[in-house]
Each structure stands twice: as C-alpha cells, then as structure tokens.
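Visitor: Mind docking chain V on chain X? Use the hints.
Read top to bottom, the protein sequences are chains X and V. FYI, the working numbering numbers position 65 of the first sequence as 66, with every residue one higher than the one before it. FYI, the working numbering numbers position 10 of the second sequence as 48, with every residue one higher than the one before it.
Just so you know, these hints were derived from the structure itself, not from any lab. Relax, there's no trap hidden among the hints.
Residues on chain V that point at chain X, a partial pick, calculated with CB under 7 Å: (1) I80; (2) G84; (3) I116.
Every value quoted in this text rests on a predicted model; they were computed, and no experiment measured them. Yeah, the Cβ is synthetic: ideal placement off N, Cα and C, and Gly gets one too.
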Amino acid sequence: MLREFCIILLLTVIGVAYSLVSGLSPLPRAVTALEAGEICLADAQAIGVIWVDAGGIKKIEETHIPDALFFDEDDWDTRLFELMNTWLIEPRPIVIYCESEGCDTSKRIAKRLRQSLPEAEIYSLKGGRGAWQE
Amino acid sequence: MAGVNPEVRSMAYLVLLGRLIVSVAFILAALPKIQDPAAFAISVEGYRVVTANLAMWIALVLPWLELATGFGLLIPQIRRGSNLIIALLLIVFIALHASAWARGLDINCGCFNAHESEKTPDYLWLILRNIGLLTACIFVLIRDWQHRVRREDTSTS
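One chain only, chain X, in its complex shape (with noise of 0.2 Å):
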C-alpha cells in the first residue's frame, strides 16, 4: 500500500511541477494581511455586496463588475443619492473597488461613504479590479 502512495504522489508532484513550468499556475504567493477596512474577492462574492467602480468612467466603460454603480467623487451628491438608493431597497455590504492594489480611490471614497452612510458596512476591496479580472 505504501508504494502506491508513493506512486501516486510522484504522479501528483509530476504534475504540480508540470502547472508551474508550463505557467498554468503562478507560484502561490505569500498573501498579506487585509487591512482594517478592506475585503477579499471571495468574502464579497460570497456574502452578496452592492459593488461600486471608483475606477473612472472610462475604465468603467471597458470593463467592470456586472452591476457595479458608478462612483465619481467630483459628483459626490449624485453618485452618494444613486448609491443610498439602492442600499435602502436592499441592504447589503457596499464593497468599493479602483484599478488594483496600488490605487488609493477605493479607500478614500470607502472612508468618506463611512461618515455620510454611518449604518451601511462599507469595504475596499484588495487587489482592486485586478482581483476581479484574475
């Protein structure tokens, strides 16, 4: 029985090695911790969030979260009017994303929605619309 365990688990590092060689697989990484106020891609996916695109209305355009709203901070009244109507139809999470990890967008308007929506729960999401795409 040993031996066809070992035979087995030859198979299968022959076959991890093949994903990593081949670049089927990225190495897996060393993730960071989230930050005091942020939310990973399959904790939003999973609870069922009012995703909103800080990422500018170009970007928008090209590609973003089916049903995500727009968010344009120099429209602030506008966009927060649009927002708070669909969070009072149906309460949920409001997870706020921008281009990746390395914009700041996100966290920004999450702070600001925090003061003008103080019941809502309210994320940037990491990783950004990079997570998304991945």
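Guide: Okay, now just chain V, sitting in the frame of chain X:
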C-alpha cells in the same frame, strides 16, 4: 470469463462499472481546475476554512491528485491506494459542503468547473452526489479486499 459463476461475473462487472464511474468523475473534475488554478483557488477560499495562501497550494495540488487517483483507479498496480485516497477526499468534500450549507455560504462549489460562481450551489444535490460516489468507492474497496483475501487463502491452501 467462460465457466465462471454468473453471480461472480455480474459482481465483477458491477465493480468495474463503479470503478469507471468514480474514475471518470474525478478525471472530469480535475481537468478544468488544472487549466485554471487561480479560479479554483478563489472557489477554495470561498469555503472560508483555509487562508488565501493555503487555498492557492490546494488549487495547485488537489486537481493533480484527483487526476492521478482518477487514472489510478484503472491501473491495477495503484488501484487500492487510489480508491482509498478518493474515498478520503469524498469524505472531506461532503464535510465541506455540509459546513458551507450550515453557514449559509453562497459560494462556487469548485467541483467540476471553476466558473460556476454565478448561481447558488444546490448543497443537497452536491452532498448526495458525493455520497453516491463514496458508496461506489467503498463497494469497490470491499470487493477488492474480499478478492485479495480469497486469493491469499487459495495460495496458502
């Protein structure tokens, strides 16, 4: 199998059928996940029982283990080991689905296709399907074991 008892023969066919069903199920489950490990890692993370880093490793290793054991069921030299590993995996899958169901998680099952995330999984169906596969696995394991014992008895007498 000329001259073999018909009951023994039909049992042999049943064992072969059970083995084929489980084997095909595991091979079909493994292939899409091997092609897209990143999407499968998100499915694994969705169960919220492991960290993101561990989910990535599971997404890398598990599909190859499924493929190796799926084919292994059809290779006499590693048949028993494959069957045992598959049975253990199925028990883990059943426990994970039951746990996700109990917690009310709306997740991607990650069973046969990494992109199943659009709809809520039917947990009852997933659990029953895995119980069916586990039953087939246990049946094949028992028959193999009985066959082995019988063969050992014949060789010693």
